[in-house]
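Enquirer: Sequence:
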Amino acid sequence: MHAYKYGRRVHLHRDLAALAEETWADPRLASQDNPPWILVPVPLHWRRQQWRWFNQSHEIARTLARLRGLRCAHVLRRIRNTNQQTLLSRRERLANLRGAFRLCGRERRQNSLRNQPVLLIDDVFTTGSTAEECARVLVEEGGAEKVVVVTVLRG
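First residue of the sequence shown? That's 1 in this note's numbering, and the numbers climb one at a time after it.
If you are wondering where the hints come from, they were derived from the structure by calculation, not from laboratory data.
Check each hint, because a few of them may be wrong.
Restraint-style ranges between C-beta atoms, simulated for each label pair [stated by the list, open to error]: (1) Asn115 to Leu87: 33 to 43 Å; (2) Ser112 to Arg136: 13 to 23 Å; (3) Asp26 to Thr127: 30 to 40 Å; (4) Leu29 to Leu87: 27 to 37 Å; (5) Trp24 to Ala95: 28 to 38 Å; (6) Gln110 to Leu87: 33 to 43 Å; (7) Pro36 to Gly128: 21 to 31 Å; (8) Glu92 to Pro36: 33 to 43 Å.
Quick reminder that beta carbons are idealized off the backbone N, C-alpha and C, glycines included.
Make the full structure from the sequences, and use the hints.
Expert: Here it is, written out as C-alpha cells:
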C-alpha cells in the first residue's frame with residue numbers, strides 16, 4: 001500500500017480492487033442488488049491529491065465498479081485539509097476529521113443517494129474514524145439508506 005500511495009505506482013489499483021472484490025463473498029453484499037450498491041470513494045483534499053497525483057480510493061472504487069458493473073459516484077468533498085492520521089489516536093482522528101467532509105453541491109441538488117445503499121471505498125481501515133465521518137455525511141446530508149465500508153487493508 002505504501003508503494004501504491006507514496007511511490008506513485010498507480011497501476012497497483014487493479015490488484016487492490018481485486019482484493020476488495022473478494023468481499024462480495026459476504027452475503028450482506030451479494031444480496032443487495034435492487035437497488036444496486038453505489039460505490040463512493042473517500043475523497044482526498046485537492047492539495048493532497050495534487051501532491052500525490054491521484055486518489056487511491058477513487059482508483060480502487062472505479063476499478064471495482066467496472067468489475068461489478070456498478071456506479072462509482074464522486075459525491076463527497078474533503079473541504080478541510082486535515083493532518084495525516086497515521087500517528088494520531090482514535091480520539092485525535094475523530095477530532096481531526098469532524099466537519100472535514102461535505103456532500104458535493106451537485107449531489108445535494110440531485111438527491112441521487114436518497115434511500116440508496118452506499119459502499120464507501122477506502123484503502124485502509126485503522127480506527128474507523130474516516131469511515132464514520134464519511135458515513136455520517138452520506139446518511140445525514142445525502143439520505144443514504146445505509147453505508148457499508150469496504151477497505152483493502154486493516155491497519
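Enquirer: Each hint should be assessed against the structure and marked as holding or not.
Expert: Structure-based check of each hint:
1. A C-beta distance of roughly 39 Å is found between Asn115 and Leu87, which places it inside the suggested range of 33 to 43 Å.
2. The hinted range of 13 to 23 Å is satisfied by Ser112 and Arg136, whose Cβ atoms lie roughly 18 Å apart.
3. Asp26 and Thr127 have their C-beta atoms about 22 Å apart, which leaves the hinted 30 to 40 Å range violated.
4. Checking the proposed 27 to 37 Å range against Leu29 and Leu87 shows it holds: the Cβ atoms sit about 32 Å from each other.
5. Against the hinted window of 28 to 38 Å, the Cβ-Cβ separation of Trp24 and Ala95 comes to about 34 Å, which satisfies the hint.
6. The hinted window of 33 to 43 Å between Gln110 and Leu87 holds, with their beta carbons roughly 38 Å apart.
7. The hint said 21 to 31 Å for the Cβ distance between Pro36 and Gly128, and at roughly 25 Å that hint holds.
8. A hinted range of 33 to 43 Å holds for the C-beta pair Glu92 and Pro36, which are about 36 Å apart.
In summary, the one numbered hint that this structure violates is 3.
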